[in-house]
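Number of protein chains: 4
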Amino acid sequence: MQNPDDIKKIINWMLKNDRFSNWLGIKLISVEVGKVILELEITDIMLNGFDILHGGIAFALADSALAFASNTHGRRAVSLEALINYTAPVFAGDILTAIAEETNLTNNTAVYDINIFNQHKRKVALFRGTVYRTNKDYSDLI
Amino acid sequence: MQNPDDIKKIINWMLKNDRFSNWLGIKLISVEVGKVILELEITDIMLNGFDILHGGIAFALADSALAFASNTHGRRAVSLEALINYTAPVFAGDILTAIAEETNLTNNTAVYDINIFNQHKRKVALFRGTVYRTNKDYSDLI
Amino acid sequence: MQNPDDIKKIINWMLKNDRFSNWLGIKLISVEVGKVILELEITDIMLNGFDILHGGIAFALADSALAFASNTHGRRAVSLEALINYTAPVFAGDILTAIAEETNLTNNTAVYDINIFNQHKRKVALFRGTVYRTNKDYSDLI
Amino acid sequence: MQNPDDIKKIINWMLKNDRFSNWLGIKLISVEVGKVILELEITDIMLNGFDILHGGIAFALADSALAFASNTHGRRAVSLEALINYTAPVFAGDILTAIAEETNLTNNTAVYDINIFNQHKRKVALFRGTVYRTNKDYSDLI
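Chains as they are written, first to last, in our numbering: chain D, 1 to 142; chain A, 1 to 142; chain L, 1 to 142; chain X, 1 to 142.
Here are the simulated lysine to any residue pairs, SDA-like style, with alpha carbons at most 20 Å apart:
(1) D:Lys-121 x X:Thr-103
(2) D:Lys-35 x D:Asp-6
(3) A:Lys-35 x L:Lys-123
(4) L:Lys-121 x A:Thr-106
(5) A:Lys-27 x A:Thr-43
(6) L:Lys-16 x L:Asp-137
(7) X:Lys-123 x X:Leu-47
(8) D:Lys-8 x A:Phe-50
(9) A:Lys-136 x X:Asn-135
(10) D:Lys-35 x D:Arg-133
If you're looking for bench data, these hints aren't it; they were derived computationally from the structure.
Could you put the whole structure together from the sequences, leaning on the hints where they help?
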């Protein structure tokens, strides 16, 4: 339904204006309809008191991937909820890759699975998020 | 089992060393066994491309509350997973209060509910998190 | 928005036609807008191989409560997803009470918390469910 | 760690003694370490008031798959929690296949993904469950 250039325009607009994703240093590796890959390098400021990654950072990476992937259809989608499972600790210097895929798409809602891996291909977190798909498009924004 | 002074020592240690919670500006309002209240003022850098709070920030606030509340028993607890539901948008300048309460405690695992409210007492997010309770205590850390 | 008689008519219609809830023996204790209380007596056929309640039965009780509570507004609502946490084992002969309450209501979706207690007031399961609210009402059904 | 015969003995014991799974008519299609496939034919008694499958039945099928898959290591595992997402309606006469796979395994807990498909290979539900792994084995039971 969308041509690849329009999709990239939307996601680039979203990322450019997303202050927290930019502060984190999230990089957009690839984007297509229903699928997004992001990358994030972990720095000291992202750690908790036990010198491992604060859960909020892993979640934020997945949540940005959810937002981007669910908006690739050109309709504005908003997150309703998400479950995250932590499967391995993450440390400063690690480079995380988040792969978002569309698990279910209906007219009103959609489900995405985001899996996060470290640089050794070890899965460090699983995230399953549900969005509500509004009827607004991006014509007023880009 | 714990005296209030020891609990405060543990949670203060956790917060002092939690670089991301400190970057966010999370304030510890109160702490007792199984219950913690935190506060966070929302700033521009925490917003996404639609000028509302990035989901990762609300999650991080709740996740810190989960970590603190689940460690008030003096045994180190680590997060297994969490579900967050967003119930109202959050904007720059809002002041969020996260209230963490113990919903279930067994010898090996525990469940906490964290509800987040804005300054108008409107509930903006619900969070339910599960932790695994290790046998390590804090004697080596504080 | 609804008068209590109409609400009861809808929920009674739902329960009367719900074959699995009837097989289980679910009883409607009370119903008002956004809130439902159900009761279920546990029998041998509901147990798993370890002589405790099969998780599917606790879930089904909560799921019926979700369906009833979310339809008390007179608009047909359908479940999107649900998280259940088990907090205590349930045995044959136990009598469970499920209390469903509306945690968040928007025009398109809603969240309900269902807590299940045994006859000793011990919480045995927590359930948080999200529904999509369609625009259909019940005028064609009752 | 386990030989295939022992695994089958355990899972057959579980299924034989699981009264609710037997009432449903759940069939064990295949079992190996960390992976189980089950089948269930949907009958009228499993429907709700709208002539579609009661959510509790889809959940029960997935929950049995979770129980069987998580016990294939020969250590008794108990469910902590599970999230289910419904992705398509199920009707009487449908034949469901539940495929359980191990997503994460640690010494104390494990995560399983169970996907349920209908006879047209359409995904009808997603289930992600977490178990606690006890130190008990099956030597006293089989």
